[in-house]
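S.K.: For the protein sequence lines, the chains are A and B, in the order given.
Residue numbering for the first sequence is 1 to 358, as defined by the working numbering.
Residue numbering for the second sequence is 1 to 253, as defined by the working numbering.
For the record, the hints were derived by calculation from the structure and aren't laboratory data.
Hints may contain errors.
[What the hints assert, rightly or not] Derived pair list, reagent style PhoX-like, types lysine-lysine, alpha-carbon separation capped at 25 Å:
#1 A:K203 x B:K234
#2 B:K13 x A:K197
#3 B:K242 x B:K218
[What the hints assert, rightly or not] Taking CB as the label site, the calculated pair distances span:
#4 B:D200 x A:R127: 43 to 53 Å
#5 B:D223 x A:I85: 47 to 57 Å
#6 A:D292 x B:N110: 55 to 65 Å
#7 B:D36 x A:R208: 15 to 25 Å
#8 B:I15 x A:P191: 26 to 36 Å
#9 B:I15 x A:P187: 21 to 31 Å
#10 A:N288 x B:I163: 30 to 40 Å
#11 A:P28 x B:L38: 38 to 48 Å
#12 B:I163 x A:V46: 34 to 44 Å
From the three backbone atoms N, C-alpha and C, an ideal C-beta is built for every residue, glycine too.
One letter stands for each residue in the lines below.
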Amino acid sequence: MTKVLMQGNKVIAEAAIRAGCRFYAGYPITPQNEIPEYMAERLRQVEGGVFVQSESEVAAIHMVIGASAAGARSMTSSSGPGISIKQEGISSMAACQLPAVIVNMMRGGPGLGNISPSQGDYFQATRGGGHGDYRTIVLGPASAQELADLTMDAFDLADRYRTPVMILADGMMGQMMEPVVFKEPEPRAYPEGLIMKGAGAGKRKIIRGLILDPLALEEHNWMLDRKYRTIARQETRCELFRTEDAELILVAYGTAARIAKGAIKRLRDAGIRAGLFRPISLWPFPTNEVRDLATRIENFLVFEMSTGQMVEDVRLAIQGEARIGFFGRPGGVVPTPVELANVVMRRYDRERGITECC
Amino acid sequence: MKQVFCRPKSMTKNIFHYCAGCGHSIVHRLIAEVIDELGIRGIAIGVPPAGCAVLAYNYLDIDMIEAQHGRGPATATGVKRVLPDRVVFSYQGDGDLAAIGTAESFHAANRGENITVIFINNAVYGMTGGQMAPTSILGQRTTTSPAGRAALLDGHPVRVSEIFSQLPGTAYIERCMVNSPAAILKTRKAIRKAFQCQIDGRGFSLVEILSPCPTNWKMTPIDSCRWIDEVMCKEFPLGVMKDVPAVEQNEGG
Ligand SMILES: Cc1ncc(C[n+]2csc(CCOP(=O)(O)OP(=O)(O)O)c2C)c(N)n1
Ligand code: SF4
């Protein structure tokens with residue numbers, strides 16, 4: 001298998017093509033424009049490939065709905081403001097149980113915010129984002145290699161659970177170049193019977209989320225809930241980095257986790273045995289895995305490029321079993337490993353544990 | 001004895017939920033008849049809207065995928081691009097097409113998307129209780145224009161067919177109505193031509209249908225039919241707005 005040096009956004013696009021994605025619709029927004037550009041070119045080359053530059057992100061997600069229903073592996077990508085207006089369609093896909101991959105290369109918000117890397121969309125991504133009782137599988141890659149692997153996995157997860165899957169990365173991941181090896185994709189295992197392609201001579205299909213009878217909609221909601229519980233049981237992913245001997249755990253995902261690894265090296269050089277807990281699946285959140293750590297380690301510091309969103313999941317998981325601090329830089333600021341290491345050293349000592357707990 | 005009238009094969013046996021005198025049920029039937037006639041039941045895929053016709057799949061016995069309010073042409077685009085040999089249509093009200101879904105409809109038309117749009121213009125938001133629509137007539141009283149639609153405050157009725165005809169991507173556009181047997185037969189022909197246009201690969205087709213909503217117009221069904229003749233037709237003149245032959249459509253590859 002050959003290793004190639006590629007920019008993050010292009011890695012996502014190439015991984016999608018290799019995973020069999022044959023429909024892409026999207027609207028330009030920085031910092032993810034290389035994804036539609038790359039898809040426009042590649043989908044021209046592959047058989048059955050369709051690329052549509054849509055009139056808006058709303059239109060894009062609804063095109064993806066149609067394409068997904070018609071049986072194509074489908075993807076759309078955007079950032080902040082564009083993801084906000086896609087929520088109508090994401091909710092719809094959850095209701096109609098349609099698979100697709102949605103990429104959010106996060107930028108600073110709220111509002112137009114800026115185009116710098118940020119992690120302020122964690123709540124929107126992991127809480128469902130749109131209206132109604134539903135969840136979206138959310139994967140948070142932290143390297144170009146993971147952009148490739150998780151994008152491919154995202155298509156499989158979307159098919160397996162018939163649900164939209166989000167890749168939640170940020171502008172930094174999208175712009176940086178790193179070597180990647182594209183793995184062999186799994187053959188698609190999506191039941192032919194679910195695809196809408198005209199009734200033929202047989203019985204027709206209806207795809208809908210409208211269920212007017214409250215009891216029937218309640219049952220639909222519980223059915224979806226059972227599916228989400230299965231996902232929560234089976235699909236959590238995380239990385240433990242130097243946690244075996246750790247006295248202090250940093251919790252971070254995506255770009256923040258890379259910074260945290262740099263900080264951990266410095267902290268260890270300074271005699272603080274720090275480790276990293278990195279959720280890879282952001283929903284389902286690896287609750288049990290972080291709780292396990294909390295049974296033997298007393299101090300946690302959650303680091304996010306936001307004012308503090310994932311920290312709520314960490315608190316819910318740890319349930320008061322350990323001390324939890326938080327450090328955040330929202331607005332598109334990307335702190336250095338040195339800054340993070342300094343924050344830890346200021347706020348942690350072995351006697352008192354982490355201070356300024358939240 | 002010769003049977004001259006029966007339920008179209010592409011129609012279910014369900015009883016319409018529409019109000020008495022509503023145009024939706026007539027148009028549903030026409031669509032089913034045309035689908036039968038063209039023999040395309042097996043390859044037809046419909047996209048019903050949010051609106052009174054949200055349950056269109058209860059009546060049309062073909063594959064159907066619901067769209068969110070206004071997004072029908074985007075969803076239809078996704079389906080059609082993946083399955084170019086299927087006959088794909090969206091069914092939309094005036095709020096759906098000319099307000100919340102203006103962008104999706106306009107750009108599907110402008111891309112010359114090879115789909116058909118069945119556009120029900122009843123000059124109100126039927127489903128939500130008769131609020132003002134982009135197509136409400138000046139002076140028309142609705143629940144959100146109690147003093148009558150005023151141009152200065154509410155803008156003017158949107159003439160979708162005329163506007164879309166200006167787009168080079170559109171191939172076939174006709175405005176009809178369903179307030180008399182003769183008008184209904186004409187509408188049926190227009191729907192047939194629109195589907196045929198798609199089958200021939202000529203590009204975007206749209207049939208705008210002036211359609212009674214007696215409930216929200218607060219008129220009897222008969223008065224509603226008269227209102228279409230006397231008022232709506234003046235604002236929305238009937239006729240073929242565009243019918244581009246196949247050759248011209250293909251220009252420029
Ligand atoms: C995003 C969104 N906004 C509002 C609604 C509520 N809604 C449903 S149908 C409708 C208006 C329908 O009017 P029209 O498109 O003219 O169709 P009609 O019911 O008259 O056939 C509205 C506002 C909705 N379903 N979704
Ligand atoms: S409210 Fe109007 S459009 Fe809706 S079903 Fe009744 S008559 Fe038809």
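S.K.: For each hint, tell me whether it holds in the structure or not.
M.R.: Right, here's what the structure says about each hint:
1. A:K203 x B:K234: With Cα atoms ~44 Å apart, K203 of chain A and K234 of chain B exceed 25 Å; violated.
2. B:K13 x A:K197: Distance of about 23 Å is within 25 Å: holds.
3. B:K242 x B:K218: Cα-Cα ~34 Å, so violated.
4. B:D200 x A:R127: 43 to 53 Å: holds, 48 Å
5. B:D223 x A:I85: 47 to 57 Å: Since the Cβ atoms of D223 of chain B and I85 of chain A sit about 42 Å apart, the hinted range of 47 to 57 Å is violated.
6. A:D292 x B:N110: 55 to 65 Å: At 56 Å between Cβs, range holds.
7. B:D36 x A:R208: 15 to 25 Å: holds, 24 Å
8. B:I15 x A:P191: 26 to 36 Å: Holds - the Cβ-Cβ distance for I15 of chain B and P191 of chain A, about 33 Å, lies within 26 to 36 Å.
9. B:I15 x A:P187: 21 to 31 Å: With a Cβ separation near 46 Å, I15 of chain B and P187 of chain A fall outside 21 to 31 Å, so the hint is violated.
10. A:N288 x B:I163: 30 to 40 Å: Given range 30 to 40 Å: violated, Cβ gap about 58 Å.
11. A:P28 x B:L38: 38 to 48 Å: holds, 39 Å
12. B:I163 x A:V46: 34 to 44 Å: At roughly 37 Å between Cβ atoms, V46 of chain A and I163 of chain B fall inside 34 to 44 Å, so the hint holds.
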